[in-house]
Structures are given as C-alpha cells and as structure tokens.
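A.B. asks: Take these sequences, add in the hints, and give me the full structure.
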Amino acid sequence: MQIRTPFAHIDSLSHFGRRSAQVLINVIFFQIFPALSLTVTGMTAIVFAQDTDARLAMACGSCHGLDGQRGGAIPALAGREEQELLDLMRTLKEPADGITIMPRILRAYNDDELKALARHFASIVP
Amino acid sequence: MTISRRTFVGGLMAAPLAPYVARGQAGPRIIILGGGFGGGSLARALKRAMPGMSVTLIEREATYHTCPFSNGVLAGMWALDSIGFSTISLRKHGIEVVQASATAIEPENHTIVLGDGRKISGDVLVLAPGIDFNWSMIEGLTPNAAEQVPHAWKAGPQTQILRDQLMAMDDGGVIVVAIPAPPFRCPPGPYERISLIAHYLGREKPASKIIVLDAQDSFSKQGLFEEAWNALYPGMIERIPGSASGTVLAVDPSTRLISTGFDNFAADVANIIPPQTAARILLDAGLDDGLGWCPVEPLGFESKLAKNVFILGDAALQGDMPKSGFSANLQAKLCASAILARLRGETVEPTTLINVCYSLAAPNYGFSIADVFTQASDKVTLLETQGRTTALAAGPGIHEAEARYARSWYDTVTAEIFG
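Residue numbers (numbering that gives the first Met the number 0), protein chains in the order written: chain A, 0 to 125; chain B, 0 to 418.
Keep in mind the hints are simulated off the structure, nothing from the lab. Please read these numbers as outputs of a predicted model, since none were measured by experiment. Among the clues, some could well be false.
What the hints assert, rightly or not - Facing chain A, from chain B, some residues (calculated, C-beta under 8 Å):
hint, residue
1, 329
2, 348
3, 387
4, 403
Beta carbons are placed, not taken as given, at the ideal position from N, Cα and C, and that holds for glycine.
C.D. replies: This is the structure we're talking about:
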C-alpha cells in the first residue's frame, strides 16, 4: 500500500535510506495526526485544500473579503442566492457603462468556474 | 523490507521533518520570515484554518508600514501612522511573533539565524522578506546616502524623509524621481508617486517641476497615467525614458546632482529608487536563480531549490504575477492551502489567480490593471493579454469609483492581515 505522508521530502536522509525514513514518517503521521485531521475536517475553513471551490474563491476574497464576507465599497458575496450570483457574474462578463474591473476578470472564467464560485459563496453563512 | 531498530532510532534522531516529536509538539511548526503582505497573510491563513498550529513569525519591525498607499503620505493625503500596522499584535491571534532581525537562513534544516545568534527551526519555512537594493548600480548611492536622497521604496521612516523634504522645498523647486530598470517592486508605483507628488505641488507649490529619470522606455498603465498627467498637471512633469538616456548612473547625495551619463540634473528633492533584488538574506542562502530572484513552483510557491521552503511575494519569480501586495496576499492563501494539504498527505490542484493593482492619479482619480492567471505546470501564467486596464477616456465617474475601490481593497486586505 502506498501511503502518502506529510513532509515526504526525505532527500537529506540518504544515509539512513529513504524508505526507512518514509516508514518512520508514516508512523509519526498516524500516531500524531488523527487529532490534527479532525481539526481540519471540523473547521469552516478559509483555507481548505481539498475544496476546489474554496481555492478558486480565494482570489475573490482579496477585494470582497475573506469568503466574500466584507469588502467595504465592494459588495459582499457570502450567503447570497446561488442563482443570483451566477446570473450576476454571467452579466458582468460583458463591459457595460459604469462597470469597472469585473468584466476584465470574469472574461477569463468559464461557466463551470462561475457555477463553482456561485455555489461556494451561496454556501457561506454571512 | 525490515527496519533494524538502530536504523529506526537513528532515523528518529536525524529526521529533519519531524523535530516537533523531539520537542514534544503535537504538530509541525511553521516558521515565517517577514510580516508583510506575504508572511502576515500566510500566518493568519494558517491560524484561521488550524488555530492549534504552531506558527512563528520573525519580523524586524514592531510596526509594518505598507508600500500600498504610501504615496498618499508623500502627498499629504493621510499620515504615515495611517499605513502602519502592529506586527506585535498578531500575537493575539496565537501567532508567536519574534521581533528580531534575521541574519541567515539555513534552508536544509529549516532554520533562521537571528542577529543575536539565536536559531529558530521548524518543519516548514516560509520566506517573505521582500526586496533589497542593489546600491552599487548607482555610483555614490549607499544606505547612508538614502537619508539625503531617499528611495521611500520600503515604506516607513524613508517615506517620512521624502515627505519632509517635499514639505521643506520652496515653490519653484525641482524634484527628480529616478526609476530603475525592471524588475522592481510595484511596477506602477513610481508613476502613481509622480502623480500624487504633482497633486501636492499643484495645490501648494505650483511653480515646481518633476523630472522623471526613467530606465524604462514604457511602463505599467502608461496611457492612463499620461492621460491623467495631461489633464490634471499640464507642463509639470517631464519624463526622460531609458532610450533617451534616462537611466541614472551616479548621484552626489550632498549636492543632489544626478547624472545619467548623458546629462546632469540639479535637484532640490531627489527620490532615487535603486535597482532591486530579492532580499539579500535569500541570495546569501543560495535561494536565488543567480540573477537575484528566487525560483518557485507555481502551485504552492515552494522553492525550486529547497524542500519545504516556500517563498512568497516580491522576492520570488512568480511567473507572470507582478511584485504587488495583492499578489503576495493571494499567494500566501494558496501557499497555506498547499502546506495544509501536504500535512494531510495530499496535493493541491491548479486553480485560477487574480491580481488587481489600483493606482491613484489624484485623490478621487483611480484606475486599475486587473489580470487573471492560471497555475500552469511551469509557472503562473497570464490568461488574457489584451484590455487589461481601465479604458482611456473612461470619464470621472469611473475614476472616482476606482479610487473608492482602491481604498476598499486596502482596508479589506490590511484587516485580513492585521485586523
């Protein structure tokens, strides 16, 4: 069985043999990390690597606030209706009077990505 | 395969990847160098995701002054204090803040050496120390000389020096702004600075001039800046590009005589922005490409030269991403996600990145460049190459809105890091 472990870069352990070190690290991982893994699973994470939608949404947070929660003059996204967000993003792909940066950003996203973003922000409890 | 007990114990003693076991820690320790847009964002992202994680942040300054919005300080639009944020107060979020200057990095054992000789080691290093100046590229320029001919390209006391010099200058004075060859921190920054100094001069000292000695021929958002300069500050700004011998070769700090090799300029205020490299400590550690910048892989921004060593922000070769606070902040969040994935024995998939850089040509006159990137196999790659900036002749409504959005971005991102 191939078990992937954290920090599996073991190049500097050559004199002990990489495989030995890998086994060692496996032992350490499974003894110590169950609690850590629970923490990860239980969080309402800003950073949640397994969640592709959340990673895609990280770029939006720089202006719209973490998880779209706050953005000053820039609208919040968190907790809005999924379809409303999707319609809005589809509309904002095209330049229009009074619109500043969103068309320049959204033109680079395909519809699946827009759906993922809408799904993500709709799922956040503001 | 069997493992002898000797090998196992020896491995435990030697394992550089699990020293937290020897320290009795319940998890890995992350060491971050630099508490700005890269390092500060990374520390907060890790603690938000995993409050119990051991995160140590090494930062020299008790107060971090942001380069974004520092040009407004020069123009008297707001005070230096308003762009200063306490790095010490990051402790309230459970981050172990070590206020000290770092003197060396030992990448192979994930160790930072401090000025007092202390060594701080962890399982992962994240390096975000920013830039240093290549003083020797301009004859006569030294760190001490920068007290007289400030760069103000690291915000803080240098910003105040330049502000004070502008305040003390008589009406009718000549200000020289020297811009280096790329790459440098914040590509549109020098031109925003010129704009906002012109705004200050127009109100307070309207007979004054700005001479721009520019090693570059073309520059970021050039059409938008020139449109604004013509509209707002006619006749005040004279720019000499690199192809017309704009590159500054020498400066006399005491007389403020500046030479391009082709011509000499006498300045009343000289803002000399020197050529730049990644922070010297990274070069000394052999983490650069030999040309002064640090190569990283595009998914989590891990050094291509050292394992479990991540490099964020201005110091790194971030593919097509510019050296901006926006970019460093986003890189940090993606880096945190990559580190957490590695802790779970997983990898991350490529995603889509954004950079937005707003510039102010006047307090209520903003415009932007907005880019989208993908994490290609070799580098972060720009997706759309045309139409990246605010349109020319956009009109006052758009420029006013973009100035508000610039402030909004700044407040949001600084709250994310320091709030």
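A.B. asks: Each hint: holds or not?
C.D. replies: So, going through the hints one by one against the coordinates:
1. 329: Holds. Min distance 6 Å.
2. 348: Holds: closest Cβ of chain A sits about 6 Å from residue 348 of chain B, inside 8 Å.
3. 387: It holds, given that the least Cβ distance between residue 387 of chain B and chain A is near 6 Å, below 8 Å.
4. 403: Hint on residue 403 of chain B: holds, closest Cβ of chain A at ~5 Å, below 8 Å.
Checked against the numbered hints listed earlier, the structure breaks none of them; every hint is satisfied.
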